[in-house]
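**Q** Protein chains in written order, with our numbering: chain B, 1 to 115; chain U, 1 to 149.
Bear in mind the hints are in silico, worked out from the structure with no lab data behind them. Any given hint might turn out to be false.
As the list claims (entries may be wrong) - Simulated coverage check for chain B against chain U, where a stretch passes if three residues somewhere in it have a Cβ under 8 Å from a Cβ of chain U: (1) 47-61; (2) 90-100; (3) 103-114.
Here a beta-carbon is modelled for each residue, glycine too, at the ideal position from N, C-alpha and C.
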Amino acid sequence: MGVEVTLEKINAGFLLKVKGDVDMNTSSDVRGALAQVFEQQSSGMKALLIDLSQVRYMDSSGIATLIEGMQHCMKKGARLRLCELSPSVRDVFELARLGSVFEIFPTISEASAGL
Amino acid sequence: MKDNRAKTTIERERSNEVVSLVVPSHPKYLYVIRSAIFPLVMDAGFPKREAQRVVLAVDEACSNIIKYAYEGDYTRSYSLDITIGQGKFVVELKDSGRKPDVSKIVPRKLDDVKPGGLGTHFIASVFDSVQYDTSREGCTVLTLVKEKQ
């Protein structure tokens with residue numbers, strides 16, 4: 001069971017779309033995509049949006065990958081915003097009590113607003 | 001020679017229904033475990049949200065076996081015996097890797113936001129009982145018990 005990650009350039013920076021299960025086997029793919037973003041990142045990048053609407057499962061390795069991404073963004077002065085969490089992923093965030101740690105938005109357009 | 005195929009043996013006994021899985025230690029087979037566990041927890045009468053959390057916690061326990069007991073060796077295997085009935089859901093995971101120092105297995109504080117260490121928190125949060133048995137020769141048995149509310 002794999003994961004697909006696509007990267008789009010948007011006005012404020014990048015939009016990363018993740019599809020599939022993010023677990024110990026696949027989180028390295030997401031980490032690789034994040035590394036690609038940070039390599040391409042120009043100094044003007046305001047935000048990295050991550051669309052999780054197509055992620056039906058995420059484990060602690062997926063959460064760890066997102067935390068690493070958030071910390072990297074913070075160091076670079078950019079924001080990491082998560083969008084459209086599926087109910088199962090939202091529940092994992094709740095279990096990890098990370099709802100207030102990440103910026104989470106119901107839609108991509110709402111996440112893009114104000115950037 | 002070890003059989004590395006995802007071998008699933010289903011044994012349903014009348015008195016105590018047990019489903020047994022033997023899984024190669026490659027993480028690409030974690031989804032097989034998740035796929036097997038979810039319907040079993042639902043069949044046992046747990047609500048969907050609880051079932052998803054049980055799946056997550058078992059997945060984390062299996063990932064820990066691969067990472068820590070087998071130290072990333074994907075050529076090994078481990079087993080799960082899932083017992084259903086009498087108001088509880090029990091998962092017994094058995095591996096033949098490096099034995100853990102049980103005193104050091106503690107969920108980390110969640111206010112310390114950092115990558116890693118969440119798996120143990122998930123396991124402890126979801127299951128009512130988490131017990132490691134390192135006394136058996138050549139193997140570690142982790143028994144996870146979820147009581148029906």
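**Q** Honestly, which of those hints from before does the structure not fit?
**A** Number 3 - this is the single hint that the structure violates.
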